[in-house]
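Participant: First to last, the protein sequences are chains G and W. Position 74 of the first sequence, counted from 1, bears residue number 74 in the working numbering, the numbering being contiguous throughout. Position 267 of the second sequence, counted from 1, bears residue number 1267 in the working numbering, the numbering being contiguous throughout.
One or more of the hints may lead you astray.
For lysine to any residue, the following SDA-like pairs were computed, each having C-alpha atoms within a straight-line distance of at most 25 angstroms [unchecked claim]:
| id | chain 1 | residue 1 | chain 2 | residue 2 |
| --- | --- | --- | --- | --- |
| 1 | G | K72 | W | A1292 |
| 2 | G | K72 | W | I1226 |
| 3 | G | K72 | W | E1109 |
Across the chosen pairs, the derived CB separations fall in these ranges [said to hold, decoys possible]:
| id | chain 1 | residue 1 | chain 2 | residue 2 | range |
| --- | --- | --- | --- | --- | --- |
| 4 | G | P339 | W | S1273 | 30 to 40 angstroms |
| 5 | G | D235 | W | S1058 | 28 to 38 angstroms |
| 6 | W | R1091 | G | V353 | 47 to 57 angstroms |
No wet-lab data here; the hints were simulated from the structure. Keep in mind that this is a model prediction, so the values were computed, not measured. Each residue gets a CB set at the ideal place from its N, CA and C atoms; glycine is no exception.
Below are the chains, spelled out letter by letter.
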Amino acid sequence: MVLRTMAFAATLIAATGGAYADEHDVVKVGMITTLSGGGAGLGIDVRDGFMLAIAQSGNTNIEVVIEDDQRKPDIAVQLADEMIQSEKVDILTGIIWSNLAMAVVPGAVAQGKFYISPNAGPSALAGRGCHPNYFNVAWQNDNLHEAAGAYANTAGYTNSFILAPNYPAGQDALTGYKRLYEGELAGELFTELGQTDYASEIAQIRASGADSVFFFLPGGMGISFLKQYADSGVDIPVVGPAFSFDQGILQAVGAAALGVANTSQWSKDIDNPTNAAFVASFQAEYGRLPSLYASQGFDAANLILSALERADVNDADAFRTALEAAEFDSTRGRFSFGPNHHPIQDFYVREVVQEGDIFTNRIVGTALENHGDVYAADCSF
Amino acid sequence: MSLILFIEQVLNGLQLGVMLFLMAAGLTLVFGVMGLINLAHGSLFMIGAFAAAAVAGSTGSFLLALMAALAAAAAAGALIEVLIIRRLYQRDHLDQVLATFALILIFSEGTRWVFGSFPLYLNIPTYLSGPVTLPGGIQYPLYRLTLIIIGLVIALGLHLLITRTRLGIQIRAGENDREMIAALGVDISKLYTIVFAIGAALAGLAGALIGAIQSVQVGMGEPVLILAFVVIVIGGIGSVKGALIGSILVGLTDTLGGLLLPALFRQFLDVSSAASIGSALASMLIYILMAAVLVVRPTGLFGAKA
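Isolated chain G (complex conformation) (with noise of 0.2 angstroms):
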């Protein structure tokens, strides 16, 4: 008994020691990220490659707490609480789905976290929803569909069937398709989120008369589509955003997904020293090429990094200050915020390739040259 107690005793101190080192000169950054269940691919990446730019960075006086949201709301929304109220964190990331995001976003700006969304752009929080302390370094949900739209009028498409599952995402995806694309459609579909099997919509596309099939269907829907889709002899083109040709799940798509045009705002042959530098570091940590998602946790990391070399994170108009001018090196180039705290930046059409025995996009043309996003206009902090 005697000895428990002094067990107890000496490792409370130990705990209140460590605190009382570390209060004033380390900035907590609590991640909240989807890392078991279906979609576990995507955080992954972005968490690998925010760590990378962390270590690479060689500032000790940054902690990251992970924690996974196993792509569960309510989940997200706890981890949230406990981030903010017991791990004390300066600033959270992280989140990959929209539906998270909006569980978890306006609860923690509105008591003053800031919040780096590495993934997840939803109209919601761009528009009237905006909040000062709110950044997006990857996009706005639209960006990429908008990109795909324009892609299909260079491409001389006039008669569009376009799909997306029934979410905030998959609406916002045929929003933005819809946007800037000037012809007909064929058809349009949602279907279920996490759906596998998509033979119905592929007998009702066949039917159609399209000229182009749209798609947005992220992760492991992709992957199901596209295969189903090069079995079942419709040859009507594909174009899609990178969600469906993202460097994690090509290799199981396979030769299906070969010379399939898609939009993407990073490539890993962009060609600039940080990308460079990015693709070839990930890779020898890692032992895997990076994809997109990586891309931008490593971009979320760096525009953090940023700024605290700027700024003091306990004075928030500061450090507000200093992440609006997201003075970092973009893997993709050229990037700053638009007025709602979400990218200005290019968009590029790439196209599946195989380089030996994988799978992986290379850029054939751009898309979209300083795109923003339109609900920055309904946006006013």
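Knowing the structure of chain G, use the given hints to seat chain W on it.
Facilitator: Leaving out everything else, chain W in the frame of chain G:
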């Protein structure tokens, strides 16, 4: 809407139905014979797909991959039956649900540990890929046609196994009166292991067959598991015949609902709202079907009288 599209969708519904049957058959047998709710059935589906992807990746043979899926899922099934499930037969359903839910977590994280978080590659063999032209000019993927045939053959085989063999007699007797067949000298625990392994093997086979046209990833079994539960509730818990009819009903309802409802709403709404309302309703349709069946027949279509 053209007749060709409609027929193609009926075939798609049938294909979804027979694959659901492979899942539901094991689930309903295990519930009927042992009275056990097995949430980990979806994990066996996943194990089948991963075993197939691993073997197809190293040997390049799809047939070997299917055999590996059967063997791996049956072995995993027999193993968890002997180690864990056996202790749950006398417990109430809540304990069974908790324990088998824990198995889902263990299998999912174990698979991630072995194979990583990124989806694996498993594809249709070249001799089954591409479309064939059916009478009437319908283009239909050969692989899906093969799935329908495999599913129906297995349904027939299972029917024969249960009605014509000694093992089938024991299974039916086990459903009716466990104590009595034990008293008659049947090794009940061996019977349970065999039934569980058969159910697991069918789930594993379904995983491998479906994995070739979908993505082989951790957590792929759970959405199918939910549908399989809907199927056995509609068909009547414990009835293999009910599982077959229920699967095909669910398959057809799901596929045709997804086609017809948005088309119906397009008559009086614009395309975008018709798409979103129609597909939202279509995804509820199988649960509405389940509710309707339960109102008319509370024990399911072929369920034993309570």
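Participant: Compare the structure with each hint and give your call.
Facilitator: Taking the hints in turn, this is what the structure says about them:
Among the hinted pairs, K72 of chain G with A1292 of chain W is inconsistent with the structure: their alpha-carbon atoms are about 31 angstroms apart, more than 25 angstroms. The hinted pair formed by K72 of chain G and I1226 of chain W meets the criterion: a straight-line CA distance of about 18 angstroms does not exceed 25 angstroms. In summary, the hint linking K72 of chain G to E1109 of chain W is supported, as the alpha carbons are separated by about 17 angstroms, within the 25 angstroms threshold. Evaluation of the 30 to 40 angstroms hint for P339 of chain G and S1273 of chain W yields a pass: the beta carbon distance comes to about 32 angstroms.
Between D235 of chain G and S1058 of chain W the C-beta distance comes to about 32 angstroms, which sits within the given range of 28 to 38 angstroms. At roughly 56 angstroms, the beta carbons of R1091 of chain W and V353 of chain G sit within the given window of 47 to 57 angstroms.
Of the numbered hints listed earlier, the single one contradicted by the structure is hint 1.
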